[in-house]
Amino acid sequence: MPSLRTAQEFFASRYGVSSADLEHYLAAALSRGGDYADLYFEHQATSSISLEEGLVKSATQGISLGVGVRVLSGERTGYAYTDDLSRDRILRAAHVAAHIASGPAQTRIAGLRASDLGGRSLYPAPQAPTDAEMAAKLALVRRAERAARAWDARVFQARVGYADELRQVLVVGSDGRCASDRQPMARLSVLCLARENGATEKGSAGGGGRVELEFFDQEITPEHLGVQAAREAVQLLGARPCPAGEMQVVLGPGWPGILLHEAIGHGLEADFNRKGTSAFTGLLGRRVASEKCTVVDNGTLPGRRGSLNMDDEGTPTQCTTLIERGILKGYLQDHLSSHLTRAHATGNGRRESYAHMPMPRMTNTYMLAGEDDPADIIRSVERGLYAVNFGGGQVDITNGKFVFSASECYLIENGEVTAPVKGATLIGNGPEVLTHVSMVGNDLRLDQGIGTCGKEGQSVPVGVGIPSLKVDRLTVGGTQ
Amino acid sequence: MSRLLELAQAVVADAGRRGASAAECVVRAGRELSVQVRMGATESIKQAEGNALGIRVFRGRRAGVTYSSDLSPDAAARMLDAALAIAEAASEDPFAGLPEPELLGRAHPDLELYSPAAAAVTPDQALDWALRAERAALDCDPRLSNSDGASVEAGETTKALANSHGFAGEVRRSSCSLSVVPIAVENGSRQRDYWYTLGREPDLLEAPEAVGRIAAQRTLRRLGARKMPTARVPVVFDPQAARSLLGHVLEAVSGEAVYREASFLAGQLGTVVAAPSFTLVDDGLRPGGFGSSPFDAEGVPTRTTAVISHGRLDSYLLNTYAARKLSLTTTGNAARPLAGAPSVSCGNLTLLPGSASPQQILGGISQGLYVTELIGFGVNAVTGDYSRGACGLWIENGALAFPVEEITIAGNLRDMLKNIAAVGNDLPNRGAVNAPTVLIEGMTVAGS
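So the sequence lines, in the order shown, correspond to chains L and C.
If you read the first sequence in this note's numbering, its first letter stands for residue 1, the second for the next number, and so on.
If you read the second sequence in this note's numbering, its first letter stands for residue 1001, the second for the next number, and so on.
Treat the hints as calculated values from the structure; they're not laboratory data.
Check the hints yourself; a few may be wrong.
As the list claims (entries may be wrong) - Residues from chain C that keep clear of chain L, each with C-beta distances beyond 12 Å, as calculated:
| no. | residue |
| --- | --- |
| 1 | Cys-1140 |
| 2 | Asp-1283 |
| 3 | Thr-1304 |
| 4 | Leu-1328 |
Unchecked claim - Okay, the calculated bits of chain L under chain C, using three or more residues with CB under 8 Å as the criterion:
| no. | segment |
| --- | --- |
| 5 | 385-393 |
| 6 | 467-480 |
Glycine included, every Cβ here is placed at the ideal spot set by N, Cα and C.
This is chain C alone, in the form it adopts within the complex (with noise of 0.2 Å):
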């Protein structure tokens, strides 16, 4: 059993002696290097490890949190009277607790998480690919002048876990990421875009000149960006963009915000909240995924849950306290910040693909928006409503024609779900959230 299993169990077994009735301990332990490059030259190395702990008591119904950095028995000792001070002090809620002990899991599968190549990255070698990628982008066009820099991230965290149900369980993870972001001068004004690659080992990593080449073509297609005139048409979301839209949905199907009637999918379990096109699945078991753990923060088996299927509501996203305020059973969903109580996050959130390739999406439409970057918060999960900046290329007839910027893409989520009138084949497989490309009807672009 390794060190960090050790001491999450003795912090748990030392809280049933101090009187804590039920207890849960997390200790992680991380190491990363990071390295930065811009316009050929090393910009910065980072390296360094962590560590963190994190302890949660209940006295009955009424729970304390803490955490720390310091993993001395001492610094343990301090934070779980800290914590079973804080539940002395808390509400007694008739739904606070660990999990029930037979939804707990036992055996956990390997995920394929971890690779010790990850960590094994020298800082030379990341240089190496942050260059490559970076020269590859400013080599495709002159007008490629400048560069914010391309990046190299390697590291290795592990996570045990321990509670007082006797759960205990640890997850190794290893990744690598590249990141590249050239900048386009032309006439004055400046663009920039981005691309990446990541993984749990470098062997999976795109090459870095590949990267740096579909960054450049992001950045070229953006200079010359003019602003459109105030229209109500049909907006195309890329893989990217749309990845943004699950996390809208994430958030409002997420317990937490149901059962506190936060979200415009409060109540709708069982009812048609979007596009017969439009099916998301949220599976926590893939192998080598970035979303995968074999257990969530409570100790819950992970396990794929079909959310929204062909447009019906089929379950929301739940940890322990979400699924008993709602009368449901955990989805194995539940995340913990540090300093926090558990929070609700996704597995993997694929939304399925479907038949039309974008190409065939894109030529249906005679005049519209493709968004290929949003910025900004204005989207409400209490409401649905939906209102953020956008840039990318107006479509007209069936075509990309010319960048655009400085507009606004608006709507309501309710609507916008059931207005999904195309979902692409063309999915990705970049991360933990990955979609294809939406296409969504009647939105209005606010502009000039």
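Bound conformation, chain L alone (with noise of 0.2 Å):
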């Protein structure tokens, strides 16, 4: 069966990419020296169905493949890619990649031997979601339609769109290090339009992770899926103008976890910190955040979106802590900088594709779980926003400014929660927003698998969560 095959064995017998060669290709890379050669193969299979106005008007499905070559002298990098598989062409890309360095050879190039990932299995590999029917795919978009239209009269349209991937990756270094992997991926979304008095409202929501297609009749069901959408866009119909300036803000358990993602995650990627363009420069080892907080990125969790076998380097990922109780305690390496830092690499060197370059990145980043009740939390809040689902957020890396979309959030008054408001974004600054965190939940949720991570043009897929947590000073940047 051959979606048993290693990834490795898959390059080598349908593109006859044999061990010598890879050793040859190194040595190519490294022929004018250089610390240090890596190559990223990388066969990317992916299909998509979208349905609107109850037709499928469209499906998609694409081969992209291709290998990088990389060549790091001190902090020097230099890259070259190519679609062409052939020895030719592969030959010419490390020739390309290693002008970066200007001295004689470096031929001490570790024989290559398989990279020792624990036998780790973080998602499925008997069968990959891009092995299924499209009949079965089909099916699940229409559930989720049916689900959507159903919830309400109001709702006048759902579009649903189903997205996988297979993508087979093999990565070989001049330190012999030679790790392959299979890397599944599929998700489900569901957008929803309602109208009401002639105000229209859209209401969004997706889930999945790296998992098989059953994963959609077991953990998030396209019904799920297609009510929360309708019921977000029917709930905007009510909704009043938001309020402005600053105020206490609760923020529900998961998805908003994206707060970390913005305010935090970036901040503490290695590349900044190395090169002192974070707003968090200079400040592991000092308080960051209330004592009530501590944050990870973990790599390891089965079937996470945001999880990962291995990096795009050949790293086995692992779970990091970033904040431990308040504290500052660690950043998210590559192996350039791991390498220059004399850090441990952490397993979050990683690309959009063959034809990018890795850089740090986040995984799966969330919150442990305090000891707040969630009630509590809202009862302790006298006037106030609770957000519960966002959209995107982003930051400004220097000056340690995020903000984050929120799309569904109501306010509170005197302990409960009351009317729904209409979105609005919340602004803060990284290094001080967990200072205000005074409640942590105790109902840790991850999000559904919806997220993509945008940094320097690379897009790649993460996680976020927290539990519910109450911040005593955000800006909300509301109307009224």
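Both chains come to you apart, so use the hints to assemble them.
Laid out in structure tokens, this is it:
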């Protein structure tokens, strides 16, 4: 059964890439010297379906294939890629990447040996979602649409998208590493529009992960997503304008963890800190959050969208503590930054594809559960905002200012959740915001599997999570 | 005829033999060079060539789309079969199909989109420009003591498109760009900003030193930024920030959003949606323009479209499908993401300049916000609701007084467009989307 083969066997049998070839390419990459070279082979198969007005208007399939060659020499990186896996073209790419160095050939290339990923298997091997029949995927899409439309007569439109991919990767390095992985991904998303008295509102929901298709029957069903999107749209029809200014904000559990991703996570990526360009530069060992806050980045959660058996440099992923009881503990490292700062690689070297250089990126970033009852958290707020769902966020790494936009939120008045308000942007300062966290719920939840993170033009899938959180002071960008 | 166009035509012909009633094939090939320097040293050099093939087939009114990075005849045949299989499973959609044959372009004007000089840029030249730009920036002031570097990119792409109505077209484009990101440090706080230049060939780039100096000034003026109390004040968008407003309007006038009723401008053709000073034009034919192309992703000739004239919504931007859904005619604005069906994008989208200088606009404001950067995604094209993070400078008594940050600006695009009180005379020409300075009255600034 083809899907059981390792990615290394896949590239060997289909494209004739032998171990001797790989060592030959690495030698070419280091033919002008350099500290390290690696090759990243990638074969990505994708499929998607979109349903709109009850019609399958568009369905797609695609293949992308290529190899990226990287040479590191001090702080310098040479990079070249080709989408043609013939020997000539890979050798040419290796020689182009080699130009970053300018010395005698580096001949100490360790013999390739299979990397030990500890028998790690965080996602299903037997059947990837891309192998499933289109009819089965279509059935999911239709179920989500029916559920959304049935939720409320005011829902006049439901668009449903399904997308999956299977990525087979092989990483070989001049230190002898030879690691391969098969990385599936699937995602189902729903967008609804609802209308009343001439006003239109939208709601959206999505979920998935590195899962088989059965996930959508057992974990997050199409009906759940359809209703979630429909409910959000209908809820917003009655929403009031959002207040503006500083106030107490309670974040619901799960996807609002995007706060951590923007406020903390990016600022702790090692490349920014090595260069002194992050607002968190020099804060290691210092207090950056209240004692109730412990934040980790964990790439080893089974089936999660942000999880990986190994990162895109062949390093096994791990759980890295970023903040422990309020104290800044660690950075997210890739090969280059860890080498230059003599730190351990943390398995966070990721890239969008073979056409991109790896850099430190998050996996699944979340805060550990605290001890507060979520109901008590709400009760403790006299006047504030309860934000339960969000769109995207963004951060300026250097001054630490971050924003994230609420798509579903409510007023809290005298300890009770009252009227829904229109989405607003929340803005704060990364190294400061978590110092204002006064209560942490016991209800840690991770998001449903919808996050995509962009950095320097590269997109990678990530996960986030928080328990219910009370932030004593956050600026809310409303109109009232 | 080029190898790419031959391949595209061969795939289309093959599609007919394999049972497609109509077909379209796009083939792209490109090469790129990018270099990054930081603190006076080379950080990275990247060079590559890449290819892609996209296929869209129809079985009657059912469509299938596939793509591949492999241009070999075998791979093309496999992707063609896959597309036909997908079309088999897709729904019958009466609006689906290629553009009507009479709408397709035949003669393709040379829009001066290609110069061989861009692809001839060497890594050493690129490094030299980047290093000069960064040095010029950091030399401006001792507080510019760090840098996120400078980068230069140069490359070219060729796109060939053929369809079963007999359309065959090819367009070759080149581009190069230079950007620099200095970092200023003072009293333990850091600020960054950037500046850039781009052109179809290296001779059209601004001098690296000039780019570096502007980046330095933009960064230095952010030092010492503070938060402001929440207030309702006039907001002035500098040309960079004003470009983002055009992006939101583009999303709302895109035929896809309009036929889905997912736009706050749906159903408003012919009505007043903005202030009289607001005239928005899309031009796909401007010589050398970054949004220019002789034909769109479906082979329809591009054109000049008056989108909003003196505040009145005159036209949406349409591809074939959206046009049919709205009983209109395509405006030649189809785009094709490789992995999907055609979408809508702009050519060169311009907010026409007014008569007031930026100084005159600021001069009439006693208290207000001058926005230089916006972050976040708090814009809802369905409702027009708008709330974004902002930084910039506070306006006091008609002049820029001090930097501000960690604030948001909020309103609704319906009101914001109508409350445009002035459009500046300082229209830049930088990339495909351009706007001059814009003044909007009555937005809420949220802060402390």
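Here is how each hint holds up against the structure:
no., hint, verdict
1, Cys-1140, "17 Å, holds"
2, Asp-1283, "27 Å, holds"
3, Thr-1304, "29 Å, holds"
4, Leu-1328, "18 Å, holds"
5, 385-393, "holds (count 3)"
6, 467-480, "holds (count 6)"
When held up to the earlier numbered hints, the structure conflicts with none and fits them all.
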